[in-house]
Amino acid sequence: MKIRWKMLILQLVISLGVAGLSALSTMNSMELYQSLNQPPLSPPGWLFGVVWTILFTLMGISAYLVSASDSKDKTPALRIYGIQLAVNFFWSILFFCLQAYWFAFVWLILLWVLILAMIVSFAKVSFPAAMLQIPYLLWVTFAGYLSLAVALLN
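Each residue of the sequence shown is one higher than the one before, starting from 0 at the first, in numbering that gives the first Met the number 0.
There could be a bad hint or two in this list.
Said to hold, decoys possible - Per label pair, the in silico range of CB-to-CB distance:
1. Pro-43 - Arg-78: 34 to 40 Å
2. Cys-96 - Ile-8: 37 to 43 Å
3. Leu-152 - Val-50: 36 to 42 Å
4. Ser-24 - Leu-46: 42 to 48 Å
5. Met-29 - Lys-5: 30 to 36 Å
6. Thr-56 - Leu-152: 28 to 34 Å
7. Phe-126 - Arg-78: 16 to 22 Å
8. Leu-31 - Ile-2: 39 to 45 Å
9. Phe-126 - Ile-8: 22 to 28 Å
10. Gly-16 - Leu-115: 19 to 25 Å
11. Trp-45 - Gly-16: 19 to 25 Å
12. Leu-20 - Pro-75: 21 to 27 Å
13. Cys-96 - Leu-136: 20 to 26 Å
14. Val-12 - Ala-122: 31 to 37 Å
To be verified - As a list, the in silico DSSO-like pairs of lysine-lysine whose alpha-carbon atoms are at most 30 Å apart:
15. Lys-5 - Lys-123
16. Lys-71 - Lys-5
17. Lys-71 - Lys-123
18. Lys-123 - Lys-1
19. Lys-1 - Lys-71
Hints were generated in silico from the structure; no laboratory data involved.
Built from N, CA and C at the ideal position, the CB exists for glycine as well.
Model the full assembly from the supplied sequences, consistent with the hints where possible.
Right under this line is the structure:
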């Protein structure tokens, strides 16, 4: 498969753009987060940025693989991708900015379901694109643990 560089760069700009906007909207809330009662296995604050950058990069690559396909299933798959990007963005605001920990946990369950739906829909178009999203699903599962624990402890 020949790499379509413009399409790849566009997909990376979209995914990393959402990541950047999310980081900008929550950057002043990280000190507050660190001051909360934390559950066991809470990673250091700096790790979140590293992990999310990797995950959003993988999202962009996956979206590229799907969008570059000739499959008739690519449009519905990319719709789910776009919806989950928006839900992901708003989770950060709910959790970090609004400190609505319980609502953010429920919102994260919605995100988890959307990620699973995205993986299934991507698999119909590009199996590698779907597999690149497994780390994202695992991280959001872990984030669910952290989110629920923060809601319970605070």
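Which of the stated hints cannot be reconciled with the structure, identified by number in ascending sequence?
-> Hints 2, 3, 4 and 14 not satisfied by this model.
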